[in-house]
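**Q** Okay, here's what each chain looks like letter by letter:
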Amino acid sequence: MTDAQIECRDLWKIYGQRSDEAMKAVLAEGLSKDQVRDRFHCVLGVRNASFSVKKGEIFCIMGLSGSGKSTLVRHVNRLIEPTAGEIRVAGRRVDSMDEAELLELRSGTIGMVFQHMALWPHRTLGDNVGFGLEVRGVAPAERRKAAETTLEAMDLGGWIDHYPDQLSGGMQQRVGLARALAADPEILLMDEPFSALDPLIRRQLQDQFLHLSAQMDKTTLFITHDLDEAIRMGDHIAIMNDGEIVQIGTPEEIVTNPKDDYVAEFVKGISRVGLVRAETIMTPLDGREETDKRVRMDAELGDIIDHFMDDQTPVTVITPDHEVVGRISIKDALAALRG
Amino acid sequence: MDLWNIFDQEWVPVGAWVESALQWVVTNFRFIFQAIKVPFDIVLTGLENGLTGAPDLVVLALIVIVAWQAGGRKLGLISATCMVAIGLMGAWEESMTTLSIVLTCVVFCCLIGIPLGVIAAKKDRFWLVLQPLLDLMQTIPSFVYLVPVVMLFSIGNVSGVIVTFIYALPPVVRLTNLGIRQVRGDMVEAARAFGASNRQTLFKIELPLAMPTIMAGVNQTIMMALSMVVVSSMISVTGLGQMVLRGIGRLDMGLATVGGLGIVFLAIVIDRVSQSFGVSSRDRDHRKWYETGPAGALRSLFRKG
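Residue numbers (our numbering), protein chains in the order written: chain A, 898 to 1236; chain B, 77 to 381.
Bound-form chain B, shown alone (with noise of 0.2 Å):
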């Protein structure tokens, strides 16, 4: 053995040991991670169906009323436009899969992210195990956990909102747990003062008072998501990632640009309807959401009737 160049030899085969732990787990537990990918599934078929079922018209009013709502006329002409664009490059239901796959993540990341950074914010020692999770899950390349997802989860549209789900996931949880405890001592004593049990000072005082903070971390985990998209069509994805992924493969620049420019355009539209939601109330002078946008000039009209 030649004792300089020791590191010639593989002494610890990690590759190995991994090979084999996963082989194990898919021989002998693949249908828990089967069982997994059910609610997945449901979610993201029924919203796939309506998005690319519905008359794209239909579907193009819907988002542009969603974000006259949400941000008022302006981004609702923004919105307008950028969808428009999308359709006449021919990139419609491509679009629309994305942006179901993307929906399907975020619901599961708020599902599962809020209640993690909450109980996170009160326990600190839950928050020291958490933390260097989230941590991994962040800086792992997300080219390395396609392969086990792939093995336990196989290929299609849901494994790959799985995969996005890990990535896109830290965002919202560290944002939760961050505006949970930025939340003034005082009214969180205040309201204890008054009689308010733990359930009663979260949900009513803790909770609303964190929300532009947890909003802003939807936000990410939402564009986090979208940038996943071309990952993901590694594992067979459909949407405006295979047409980017497609478009490198045959070389084809123009497949590639309409997939790209796709996703630019809907990460604006998202981007910014999302960021409107963490609009706190105070910002908005205190006006309640039915009385603005399209609901409020539908209201002005029948008041005036």
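In isolation and in its complexed conformation, chain A is listed as follows (with noise of 0.2 Å):
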């Protein structure tokens, strides 16, 4: 894939002071993480991890706490060295870069949110802002103007020099997401920024994440425990358990076609209305009868649950082009909502 703009491939990453011949084990003998625990006394992070970003895409990373994602995003600006693999970046490796290039790398081209903010107490908000572009020896008043502006993109205009404790959870990783916007950087790494926010808040900060990025064409990979948050907030959605990645795929894959059952069983809960596509659960036509009810076909569920409300008939699936392709009965829209 040449428009890929975060690469990784076989992405390893054990901890511990053996874990060079743990890893060697590990590709010899394929062993488990309780077995390396148990022989190496290492912890296996990241098992072969293998994803691409396109370029503008939200990326997002699920699993459950200690299932290795925020470990594995941390690679991507290297705040974690790998045991092996590689990662590339806008096309240059990041794996073998040196301390200048990682620190330029890390101060333009990535920002970064934490799910605790991590804004830093004794600075006041333009600061802590215009961090990233201090540390590359901006001067100070194109660093306040960049904060300025970046703030009152985040409605936070005229709270410049106030200090982190004098505003809301919801105002700080407001803050924090500035602060990693303010170099203009091409990629964005958010580390469940807003999983520490209450469902009101959060659900705004999503809304106003998905407007700015949609307007500003950043690459994020984006880490949650929450699937509703990641099918909100997601083009793809990698799932991950115990390190590995267990499947990759767009919102709509991962609910209607699961690949085990730790996929299945958060998959369970999520409603379908606005997922599923009338192309994945339309049947072929073959020759029956085309009725007056049409749905293009990626109309959504909840779409075409509506042209039931008054008969049941099928309803009639078309391409953009009008042709028709397929056909929606009343059963297979009802066992499409049941999952």
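Hints are not guaranteed to be accurate.
[As the list claims (entries may be wrong)] In silico BS3-like cross-links for lysine-lysine, where the CA-CA straight-line distance does not exceed 27 Å:
| id | chain 1 | residue 1 | chain 2 | residue 2 |
| --- | --- | --- | --- | --- |
| 1 | A | 1228 | A | 1156 |
| 2 | A | 1190 | A | 1228 |
| 3 | A | 1042 | B | 364 |
| 4 | B | 198 | B | 280 |
| 5 | B | 150 | B | 364 |
| 6 | A | 1042 | B | 280 |
Because the hints were derived from the structure by calculation, they are not lab data.
Make the complex out of the two chains shown on their own, each in a separate frame, by following the hints.
**A** Below is the structure:
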């Protein structure tokens, strides 16, 4: 893939003093996480992870705590050193960068947002937001200007000389986001950015971020433990379990076609109304009669159900060019709803 | 030989060993120790000349202004009261000498102790070696190392500063180490994630966040330095300690009391002022230092004018 902005291939992370030995043994014998722990006293953090993120897309990594998602994302800006594997950001190999290149990458190309905000309490919002520019040696006036603009974009204009503890949680995370955006990076790493917020504020920030992200064309790696959030935000979702990527797909693929019981368990409680599209559940027409009720093949399940409100005759599915490709009976729709 | 009382005889002559080792060091390396004295001497002489040479009231005003700036009007008043009391008791000159010894000691404790603490926080192995050394420095009764210090550095105020330095160094090292280690992990990680080098992370994030703890260490160091004042007067260090020692020697209760009270008043002032330096800006409602105290008063005066 040539347009991949972030690409990880065969990435492994083993923590512990004997990680090299453990790595060899794992490759040779395919040890499990528990075996690695017992034999080498090492912890397997990430197991053979490969994924690629296209420019401009939001890629969600979903998993329970301890599944290695935070570890995985920290390899992208190499806050954590990989044990084995390749990481490419915008075509450049991150795993073989020297210190200077790495600092440049972190301050210019990649912005990061943290779960507990991690704003520095002794610095004003302006100094927090301008930090990435400050360490690169940008002049104070220019820094302040950049901080002002980004804070403005996050609806925090006028707060520049205040301190983080004077703000509410939601506002603090907007500062966190502003800090990540201040240097105008191509890539955002977001480590459960909205998990610590209450549901209403979370929803607001999700919307604000989606809006912003559509405007600015950033590539985002978004970590969450909440599948609802992953589905709302993500163009693609990777599901992790025990350090391994279990499944990668679009939200619809994950929900309609979970690869194993682990994923299925997550998907269970997810509403399919806004997710499943006509082309996924339609059956071929096979000579049966067309009906007047027509939906496009990318129509969502919710819209299809609307067509069955008045009468229960099947709907016909068409392409954008008005070509008939299949049909959906009320049974198909209900079955899809049930999952 | 009486087997039942074998310990009547000295089997391991530790005393003799130390004696000859010290003799050897003194004869061969005394010049090194004399060189170590030089920076202590320069700082001490400068401070002492300044504090005792300047008119008393100027020094008093200076102390009160510093206290007011550091801890507000109330601390300014307390300091004024304490220092005036010292002056009225006739212990002003002595207290200025003691103050300059304590300040010199603190300067060197910070210069050496804070970097040591930072390294200790970064390198676990270094901390492992340093820790027993600090324990040793704190637990050895200070009388014990008076003798080698006198032999290596001779007597006088500078030697007094060095003795005090050894005794008072541990708290600032310990609390710097603790303060840096206690900085929240994600604060440091965030700094690294935005491209800060180790050095930038230390100076822009870790040290400022650890500052209240470090200042608590500095405060402890100051208090320990003050508590060495009387002991160090035995190697003919002048000042308030010497008043107490002379009082003991001549059973002159009056002199000892004046010296003792002087130490107490001085301790109150130094303790309070150094504690207020450690208050984080969050607890001061994020007001800059120049927006409060005498500097703030001056500023508002000029603004109106």
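**Q** Each hint: holds or not?
**A** These are the hints, each one checked on the structure:
1. A hinted pair counts as satisfied when its Cα atoms are at most 27 Å apart, and residue 1228/A with residue 1156/A qualifies at roughly 24 Å.
2. Distance restraint check for residue 1190/A and residue 1228/A: the Cα-Cα separation of roughly 16 Å lies within the 27 Å cut-off, and the hinted pair is therefore satisfied.
3. Proposed proximity of residue 1042/A and residue 364/B is supported: the alpha carbons are some 22 Å apart, at most 27 Å.
4. Pair hint residue 198/B plus residue 280/B holds up; C-alpha atoms about 16 Å apart against a cutoff of 27 Å.
5. Of the supplied pair hints, the one linking residue 150/B and residue 364/B holds, its CA atoms being roughly 19 Å apart against a limit of 27 Å.
6. Note on residue 1042/A and residue 280/B: the hinted pairing holds, with a Cα-Cα distance of about 20 Å set against a maximum of 27 Å.
Against the hints set out earlier in the document, no violation occurs for any number.
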